[in-house]
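A.B. asks: As given, the protein sequences belong to chains A and B, one line each in that order.
Everything in the first sequence is counted per numbering that gives the first Met the number 0, starting at 0 for the first residue and increasing by one.
Everything in the second sequence is counted per numbering that gives the first Met the number 0, starting at 0 for the first residue and increasing by one.
Mixed in with the good hints, there may be bad ones.
It does not matter which identical chain is meant; a pair holds if it fits inside one copy or across any two.
[Claimed, not checked] Heads up, simulated DSSO-like pairs for lysine-lysine below, C-alpha to C-alpha not over 30 Å straight-line:
#: 1; residue 1: Lys234; residue 2: Lys10
#: 2; residue 1: Lys14; residue 2: Lys53
#: 3; residue 1: Lys234; residue 2: Lys53
#: 4; residue 1: Lys14; residue 2: Lys272
#: 5; residue 1: Lys208; residue 2: Lys53
#: 6; residue 1: Lys188; residue 2: Lys208
#: 7; residue 1: Lys194; residue 2: Lys272
#: 8; residue 1: Lys234; residue 2: Lys281
#: 9; residue 1: Lys281; residue 2: Lys247
Treat the hints as calculated values from the structure; they're not laboratory data.
Number of protein chains: 2
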Amino acid sequence: MILDTRPIAAKLESKISVEAKDFENRYGIKPSLHSIVIGKDEVANLFANILLQKLTALNMQGEVHRLPEDVPEKEIIKLLKDLSSNNEVHGIIINVPVPNWLNKNVLFSNIAIEKDVDGQNPYNLGMLMLGVEDHAPVTPLAVMRILDEYNIPLSGKNVCIINRTSVVGKPLAMLLLNRDATVSVCHTKTKNLEKLTKASDIIIVAVGKPLFLKEEMVSENSIVIDVGINKYNGKTVGDADFDKLVNKVSAITPVPGGVGRIKTLLIIERTLKNALKLMNSKDNQTV
Amino acid sequence: MILDTRPIAAKLESKISVEAKDFENRYGIKPSLHSIVIGKDEVANLFANILLQKLTALNMQGEVHRLPEDVPEKEIIKLLKDLSSNNEVHGIIINVPVPNWLNKNVLFSNIAIEKDVDGQNPYNLGMLMLGVEDHAPVTPLAVMRILDEYNIPLSGKNVCIINRTSVVGKPLAMLLLNRDATVSVCHTKTKNLEKLTKASDIIIVAVGKPLFLKEEMVSENSIVIDVGINKYNGKTVGDADFDKLVNKVSAITPVPGGVGRIKTLLIIERTLKNALKLMNSKDNQTV
Numbered sequence: 000m001i002l003d004t005r006p007i008a009a010k011l012e013s014k015i016s017v018e019a020k021d022f023e024n025r026y027g028i029k030p031s032l033h034s035i036v037i038g039k040d041e042v043a044n045l046f047a048n049i050l051l052q053k054l055t056a057l058n059m060q061g062e063v064h065r066l067p068e069d070v071p072e073k074e075i076i077k078l079l080k081d082l083s084s085n086n087e088v089h090g091i092i093i094n095v096p097v098p099n100w101l102n103k104n105v106l107f108s109n110i111a112i113e114k115d116v117d118g119q120n121p122y123n124l125g126m127l128m129l130g131v132e133d134h135a136p137v138t139p140l141a142v143m144r145i146l147d148e149y150n151i152p153l154s155g156k157n158v159c160i161i162n163r164t165s166v167v168g169k170p171l172a173m174l175l176l177n178r179d180a181t182v183s184v185c186h187t188k189t190k191n192l193e194k195l196t197k198a199s200d201i202i203i204v205a206v207g208k209p210l211f212l213k214e215e216m217v218s219e220n221s222i223v224i225d226v227g228i229n230k231y232n233g234k235t236v237g238d239a240d241f242d243k244l245v246n247k248v249s250a251i252t253p254v255p256g257g258v259g260r261i262k263t264l265l266i267i268e269r270t271l272k273n274a275l276k277l278m279n280s281k282d283n284q285t286v
Numbered sequence: 000m001i002l003d004t005r006p007i008a009a010k011l012e013s014k015i016s017v018e019a020k021d022f023e024n025r026y027g028i029k030p031s032l033h034s035i036v037i038g039k040d041e042v043a044n045l046f047a048n049i050l051l052q053k054l055t056a057l058n059m060q061g062e063v064h065r066l067p068e069d070v071p072e073k074e075i076i077k078l079l080k081d082l083s084s085n086n087e088v089h090g091i092i093i094n095v096p097v098p099n100w101l102n103k104n105v106l107f108s109n110i111a112i113e114k115d116v117d118g119q120n121p122y123n124l125g126m127l128m129l130g131v132e133d134h135a136p137v138t139p140l141a142v143m144r145i146l147d148e149y150n151i152p153l154s155g156k157n158v159c160i161i162n163r164t165s166v167v168g169k170p171l172a173m174l175l176l177n178r179d180a181t182v183s184v185c186h187t188k189t190k191n192l193e194k195l196t197k198a199s200d201i202i203i204v205a206v207g208k209p210l211f212l213k214e215e216m217v218s219e220n221s222i223v224i225d226v227g228i229n230k231y232n233g234k235t236v237g238d239a240d241f242d243k244l245v246n247k248v249s250a251i252t253p254v255p256g257g258v259g260r261i262k263t264l265l266i267i268e269r270t271l272k273n274a275l276k277l278m279n280s281k282d283n284q285t286v
């Protein structure tokens, strides 16, 4: 079975579109997301453009701040602080990857916690570890949304995550533990990965390598969530050998049009929620 | 092999004792830890007393704030804020468990990040997820210290953690992932726990049940770190069936005198480090 995310996306889009229109009618401004792209990385730039198009299509507003590769850290911090304190900005995201010499933790710490749409401010990551999911990172939330929409049970299931970053693997482990899954986190140093993936009910792969998850690493009962996005022979593919796996496993997400699609919409939905929350608290102040 | 933590403790104690004396000679005050105990919980009260004794023995100072079971939240928050801004307080810890009706996350958020000796402020937990271990929770750090002192390799090893709290299991998973271990986090809803523990190189158990980790759940190669502390037939025991396991596994920590001993000293060491850092930054200000 292919876990098609188009119906989930369609539902999300129509909800966002209506609520964003209502917002504009009520407050005279559009919910607004600001992306920051540092340097010429193709993925980061492409993703900023995708977000921009999608925002416009859904009655919202986007702005992309494209900064040069060698921008001084203090200039980025100034921008993050300005956006954080600007009442007409409702979401802020730094599109990864950023140049290596930058201290990402310092950047993330300067995004206002209530506008941090990808949940990378340390406070938001810590709250997630304490069980509060309101500002969890969006890629893990997209995975959870797909599992939920397809009613895939999680309690007591063995889940294997192949990724240990703060953007995917670690926060996803927190979300899955909150839902009573048994979680194994794997990575480049893992030995006998095949044994682990084969014994798992759900495999979530995010390694950035085409054809990484092979037929012999899965079983007939496996549910595969493919977070990877790679260019391979001129095509966009995930980390799983989709063509072989689709006939073997119990369920698998496609790439493109799988997790990425939902992630994009969750960033936009979060921006809208932030905007509503900000305006509600203003309404209450003026009463 | 029994992983005796007494030599590790002795080394830590002599280092702390000397440095604390130096600190007092230099600054005219002792490094000072404040514990907060809410209600009559036996474990929380006992631990506060143990800390107090140990602090005194190591040329440091402790104070215990014992608050009634029904203390209003705002009163605890006021105390935490006062301690956080008091220059003669270098470490603050809320001894768990606290009464259920209190929102622990709110309490933790009100401990100054630089005095948060058990690393439960969301900011510190988030920084840990981002790879910064300076203010990680002490029980996980105690486990890591024991593994390190006994030169137990972690890279590529399969580690099974039986605990998913923000005090033990989740932060311990982060620390182990930073060290290239493959980490599985288990709990009450885990199915076939025995299969998972048996296949792991290292088993870390923290469930609060005597005789929980049984002979049939381990192998000859298992290294067992027992974080549990329970009363059983009038004796203090851990979560592992120590008497049976000690003759089977490759290595095991005893209870009492295993992880708990090191945890206590790491709280004290952290307080001393905080005190030195605070005074160093003051020295620099007056230059």
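A.B. asks: If a hint holds in the structure, say so; if it does not, say that too.
C.D. replies: Here is what the structure says about each hint:
1. Lys234 / Lys10: For lysine 234 and lysine 10, the Cα distance is within 30 Å only inside one copy (27 Å; across copies 59 Å).
2. Lys14 / Lys53: So lysine 14 and lysine 53 pass the 30 Å test inside one copy only (14 Å; across, 59 Å).
3. Lys234 / Lys53: within (22 Å within a copy, 64 Å between copies)
4. Lys14 / Lys272: within (12 Å within a copy, 52 Å between copies)
5. Lys208 / Lys53: within (27 Å within a copy, 52 Å between copies)
6. Lys188 / Lys208: within (15 Å within a copy, 33 Å between copies)
7. Lys194 / Lys272: neither (42 Å within a copy, 43 Å between copies)
8. Lys234 / Lys281: Neither: 47 Å inside a chain and 59 Å across chains, both beyond 30 Å.
9. Lys281 / Lys247: So lysine 281 and lysine 247 fail the 30 Å test inside a copy (54 Å) and across (65 Å) alike.
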